[in-house]
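Taken in order, these protein sequences are the chains called A and B. Under UniProt numbering, the letters of the first sequence match residues 1 to 219, in that order. Under UniProt numbering, the letters of the second sequence match residues 1 to 223, in that order.
Accuracy of the hints is not assured; some may be wrong.
Label pairs and their calculated CB-CB ranges [stated by the list, open to error]:
{"no.": "1", "chain 1": "B", "residue 1": "G213", "chain 2": "A", "residue 2": "K142", "range": "46 to 54 angstroms"}
{"no.": "2", "chain 1": "B", "residue 1": "E169", "chain 2": "A", "residue 2": "V50", "range": "52 to 60 angstroms"}
{"no.": "3", "chain 1": "A", "residue 1": "V50", "chain 2": "B", "residue 2": "F208", "range": "25 to 33 angstroms"}
{"no.": "4", "chain 1": "A", "residue 1": "R81", "chain 2": "B", "residue 2": "K41", "range": "27 to 35 angstroms"}
Derived from the structure by calculation, the hints contain no laboratory data. From the three backbone atoms N, C-alpha and C, an ideal C-beta is built for every residue, glycine too.
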Amino acid sequence: MANEVTLLDFWPSPFGMRVRIALAEKGIKYEYKDEDLRNKSPLLLKMNPVHKKIPVLIHNGKPICESLIAVQYIDEVWSDRSPLLPSDPYQRSQARFWADFVDKKIYDAGRKVWTTKGEEQEAGKKEFLDALKLLEEQLGDKPYFGGDNIGYVDVSLVPFYSWFKAYETFGNINIEKECPKFIAWAKRCLQKESVSKSLPDQDKVYGFIVEMRKKIGLE
Amino acid sequence: MAQEDVKLLGTLGSPFVCRVQIALKLKGVEYEFVAQDLQNKSEELLKYNPVHKKVPVLVHNEKPINESLVIVEYIDEAWKGKSILPTDPYQRALARFWAKFIDDKVFLAVWKSVFTIDENERETNIKEVHEAFQFLEDELKGKFFGGEEFGFVDIAAVNIAFWVPMLQEIAGLQLLTNENFPKLYKWSQEFLSKPTIKECLPPRDPIFGIFKGRYESLLASAK
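Work the whole structure out from these sequences, hints included.
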């Protein structure tokens, strides 16, 4: 049976990047389709009628929606190489917990940093940095959250690194100063081709955020 | 078999805790239920869930697992017996999708449609609940979300079967009825009638009383 894989995505999306990294780790060839989110394609609306969002992984015509669900799917189907989740049930539960933590904390707090001002922004900055520090603690002395190689939590988290120039500029924060271990971990991840090829340049994302801020009337 | 020490930190009225109880029951796992006072959080709760400080927390041989759906997947993997998630990767992805959908789209909207004094907020949230329920209605192809037998999504949806009818009665709303969502309504009746589920539900009257008290306080505070 042909193994047809398509990814509906949007280049600055950290959620899309997660799926790109997972596919690259497994060495899976796929068709990448960049969506115009102001003009969603019929394919996107058909494949994700519930949320109408990217990323959507399409495998042999069947859609898998929600980035972490797609990453787990990729790990389970292509289970013969580069495992992303550990094999021990307890370790798996911890990986799922921390990926869920990233989902709950990083995007929303980060969003407050580049879309708000004053007290709300200060609160967002604190939430964001506190979350990074907690993650640093979790990492401990390991090179990656996954241990000796990148795993589920690394994949769920490292995409946000591509947004750091935007967070630092608009939030007036120095993330390396506050969370040096986090930055060291992110740079270590970027040495892997699966990550470096999946993340856009920080400058490019910064430019995109500048445009977004104009569009939402922040400039 | 290794010595099993299983504790569940929880509260009686929580649908999230109930999900875990159903999973443990399905696998025939014996455990100690340690009731928590969320207004006065125990050292044990803060020790085992320092990040979120919430229930449920499953403690297995002194190792904690947090977040109800993460716990249910753990239970499915750690103990043999009836499978909670499907074995096929695509079916598993769908099950996880719908469980997450319930977490993201149902809970808060239901809560806000009941516990509000702003009628606009109420209307907006009722609409959101109905939209969510329509998706679930369309998704139900068999007796249960899991097919002939209930599974991960059904367990995730326990709040719809047991908590929504109570809350809608208290606030005089029609969130889920036989008229507006017949398949989902029938599902809720089937699900609640399963012995495994019945044994895990909290007693209705005290929970109803707590929610009713809360609702009435809210209305009184608006006057």
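Hint by hint, here is what the structure shows:
1. G213/B to K142/A: 46 to 54 angstroms: Since the Cβ atoms of G213/B and K142/A sit about 48 angstroms apart, the hinted range of 46 to 54 angstroms holds.
2. E169/B to V50/A: 52 to 60 angstroms: About 29 angstroms separates the Cβ atoms of E169/B and V50/A, which means 52 to 60 angstroms is violated.
3. V50/A to F208/B: 25 to 33 angstroms: Given a distance of about 32 angstroms, which is inside 25 to 33 angstroms, the answer is holds.
4. R81/A to K41/B: 27 to 35 angstroms: Check failed, 44 angstroms falls outside 27 to 35 angstroms.
In summary, the structure is inconsistent with hints 2, 4 from the numbered list given earlier, while agreeing with the others.
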